[in-house]
Structures are given as structure tokens and as C-alpha cells.
Amino acid sequence: MENSATLEAEVISERRAVRSRRLRRALRPWLTPKVIGGGIIVLLLVIVGLSAPWIAPYDPNVQNLSHALRPPDWLFGANVLGTDALGRDILSRLFYGARISLVIAVMVVIISGVVGIALGAISGYFAGTTDFLIQKLVEVVWAFPPLLLAIAIMAFLGQGLENLILALVSQRWIAYCRVSRGQALSLRSREFVDAARSLGARHTRIIVRHIVPNLLPSALVIGTFSMASAIISEAALSFLGLGVPPEIPTWGSMLADGRTYISTSWWLALFPGLCIFFTVLGINLLGDGLRDILDPRLKRSGSGIG
Amino acid sequence: MALLEIRDLKKYFPAAAGVLGRAKEHVKAIDGVSLDVEDGETVGLVGESGCGKTTLGRCIVRLIEPSSGTVTFEGRDLSSLSEPAMRDMRRKMQIIFQDPYASLNPRMRVGEIIGEGLRIHGLAKGRDLKERVLELLARVGLRGEYFGRYPHEFSGGQRQRIGIARALAVNAKFIVADEAVSALDVSIQAQILNMLLDLQQELGLTYLFISHDLRVVEHVSDRVAVMYLGKIIEVAPAGKLYSVSQHPYTQALLSAVPVPDPSRKGTRTVLQGDVPSPINPPPGCSFHPRCPFALERCAEEEPRLEFDGQHGVACHVFGPGGKK
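First to last, the sequence lines map onto chains A and B. End of the first sequence = 306 in our numbering, gap-free, step of one. End of the second sequence = 324 in our numbering, gap-free, step of one.
Because the hints were derived from the structure by calculation, they are not lab data. Cβ atoms here follow ideal geometry from the backbone N, Cα and C, with glycine treated the same way. You may find that some hints are simply not true.
Among chain B residues calculated to face chain A with C-beta under 10 Å, some are [as the list claims (entries may be wrong)]:
1. 95
2. 107
3. 304
Could you build all of it, start to finish, from the sequences and the hints given here?
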């Protein structure tokens, strides 16, 4: 009796060992330096953004004019990274700014991804007239300089988070659409699509079950890159005063505020600038790493066959 | 009445576009094919690459819309069916593809691939569906544990078995096997062929077996049709075609099959020239420029497929009406 119990325990622990070995083997191709480095930066950004209300030492909007333009005081000061012209704590504002950057980047990537993949899949799968019309729309939107279109939309709709996201999506879906369309064009004539048709599948089913899942790996790579560019564009629009309302701290508007004092109080512009720099670097590294893994043309031989 | 009746089927693909996007020239992939397939029999379809075999197979299951002519299945003209009726009809006629790598969606699990037809037609759900798929896996000689695996984990032969299970899932009666074993190596070919024959016995299936490999076709078929440049030039019961073929093209094709007998001296007929372009096929009998027996008449008048019992030949010289 006891014997069988220990035997059972052994079997279970053996199974566990096999499972963890399998997990490690499945993860190994993903653990490249680029993915790890980029991943850590992005993870840090996510943590800071989510926990801003708890880790920020001050309310980011409380003004204290008697403490205005205090230089950074690294260890013992009340304001570790100094204060701005209105006496607001820079570190707290950076923490809250990470939230905005994060929300905007994620929302823009998701919305433009959904729109771009859907239109691209439809365009490529149906080909012919549908394809022609959608691609003409793409060309029209593509003809505008990206930032100019975003500025026009913001000027027309006014400031606000939703409008900002809309303005950033307005051109970012194009990249997904073009890539998806090209792939869908080649997928539509693959035999597994013919097989689905001969089984009697409707177009919607073929697009959702057979075309789109095969478009996702490349869309994921575009997503990470467009996330970085969305953060930069958000900063640029905020810098121009066309971003979110002034009471919401963002890195771009902090940069714009700091510009006036750059010769006397360097910390105002430096820290938000560094934040943007490292965030974009981290996301780009991650995207680069993901592309190395997911792009079949760059895939090392041997993986995927087994 | 035959299960499948093809009458004067044509498929022209636009080739060069003229002014205003109107097609100026057409590739005549199928140019007037008529063929009957009886319930429960296997009809082999042979011919060299580019002769229109695959297009014919795809027109029958309506993956390609034919330009003209009719395909009648169980007495119903497929081109006259409404879309829902056609979708329902698709259950009964399935196709197995040549390339076992391209014919399975790499992002779907085996269970989903095989069960898709059941889901589309609402034939089974949940546990029933899984049971049915496991049963199909067993039927094609695969283990049930493959249910949750992805196609890339399988060999070519196993993938082809998955493709066959997918076709069987919807209780198909008629299956177009489009070069179904051509991409496999010889030992696997034999396994798959025997499995197809066993399935035919058990389920009473009807096959249209398309191949360029004459030995394979001889092994599985009851009747064989030979295609040349989009037309059927000879039809005969399998045994008869291989022994007493009439058409010069069939004879040349058969003489190219290697015979594993070193003492046999080659009586091989080697054809002159290449297959003419299907954009501008030669007038009259499309085979006449390469035919060693061509008469004047062959260049002018197109020979019709004429039958002597079950054996049909389209030839002015060797056909039933011809002078030998």
C-alpha cells in the first residue's frame, strides 16, 4: 500500500519534471538577448504605468510655486528628479506619463491592427473589384504625410484621448492592411482554402478560420514597431499642443514645457526625453527579436520541422 | 443513369488582355469533355502535365466555374443549383489534393481540420464531433492521440491520410483524387492506394482518379480516360486500354511506361515535337502534328469520340469508323 503510494508520487514528480523540461524547450527559441532586453524595458514600463498612483511620491498636478524649478536631488531631496516651472514633481509626472504612453500605444496598435488585418484579409481574399476599391482607399490615405494627417484630425476634432487615438490610427492601419493583403492573396489560392471551399465553407468562415490566423505572425511584428512609432507620434503631437488635455501629464507635453527652460533647467526636458528614448528602444528591440523568430525567411533551418 | 455525367464541358482561361481589359486570347484548358462515372466505379484520368486533368477535376467539384457545358450529379445539374443547395451538394463530392503540405492549414489542429466539414454542415457537435473524428482517424489508420497535433508534426503520407479523413468526414459519395499519391514516395504510395481501395469497398465510394502515373492508374481504375490538350481522346476499361489501345497518343504514352523486364527489347514510340500551345490548338485533330499516321483529313476535321461497346476512341484512322 505504502509502496504504491510512493510509486505514484514518483510517477507524478516524474511527470512534472517532463512537463517543465518541455516548457523550457518550448521557451528556448524565444529567449534571445533582444527579446529579453526589450522585454525587461517594456515590462518595467507596464509595471510603472499600472502602479503610478501608488509609487508616485506626489500628485502630478499639484503646483507649488515656491518650489518651482528645483534641480534634481538624487538621494535625500523631496523631489528626486527636481520640479518644473510650476513646482510639480517631475518623477511623479513621468510615472503618470508612462500610463498615457502605454494606453495610447496599446490602443492604437490593437485598433489599427484589427482594422488593417480585416481590410487586408478581405481585400486579398476577394481580389478583383473589392481589392481595387480597398487598395485605392489605402493609396489615398497613404498619400498624406503621416504627422500632417494626424495634426489635421486633431485640429478638426480638438484635444482628447479618444481623438488622439483616432488620429494615430488614421494612418497606422495601412501597414497591416498592405502586408495582410499580400499574404491573403497568396493564401487564397492555397489548397487548404480550396479544401474548405469544397467542404462548403462560407467566405466569412474561410477568412476567419483560414486566412486571418495565418496573417497574425507578421501582424505581431508590425504591431511592436508601430507601437514605438505611436509613442513617438503621441509625444510629437503633445509637444505641438495637439495631444491630450493639459491636465493629463504626458512625456511629450513635459518635453514641450521644458523646452523654454532648456538653457537654465536642463532636467525639465532631459528626463521625459530619456523616457521616450528608452521606451522606444525597448519596444524596437522586442519587435526586432520577435521578427527574427517569427519571420520564416530569417528562420534558422531545423526549427519548425520535427 | 450514371452518378456523374459530364457533357461538353469547357473551361477557357483568359490569357492575354486586349484593349479595355477584354480577354483577347484564351487558354483552352478543357475543350469539350464528356464523361460518365458510374456509381461505385473508379475512373482513371491520365495525360501529360498541362493537358487539363486538374482543371477538369476542379470543375467537377466546382472549385472552378466551367465556361460552358454541364456537370450532372445524381441527376441534378450543378450549375442550376442555388448557393445553399450547392453547399449541401458539396458534402457528397469531395476532393483530395496533390500536395499534402499545402492542403492542410498549418494553424489548425488535426481534429479541427477533419471536423470542419461536420461543423459546417452541422452534422455533429461537442463530444459527438470528437468521437466522429476519432473514428475517422482510426479509419485512415492514424492514432487517436493525433487529434490535438498540428500538421507540421506529420510526414507526407500521414498528412495525406488526414486529407482523406477530411474528405470522408462529410460522408462523401464521390471523391476526386487529384494526383493524390504523386507527391509521396513509392512505398507510401502503395499504402495510400490500398487504403483508398479498402475505403471504396467499405463505403461504396466512387473515385475519379487523376494521375500522370499510368501504373498507378492501371492498379486502381475500372475505366481509364486519356486526355490530350483539353480533350478526351480515348476511354476504355482499364484492362482493355492497356492491352488493345487504339489511339496513337495512348500507344505512345503506354510505351513510355518502364517495364521491369530486361529481356524485353524496346518497341518504344517516341513522339516528335512538343505539346502544342492550348491557346492556339491545331485545327482538326489536335494530335495530328505529332501523329505518325496522320491523314489529310486529320488536319481539317476534328474526330469525335466514337464508341465500340465500352471502348471510345477519337481518331479518324484508328477509331471505330476509321480505316486501318
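Q) Any of the earlier hints contradicted here, and which numbers? A) 3
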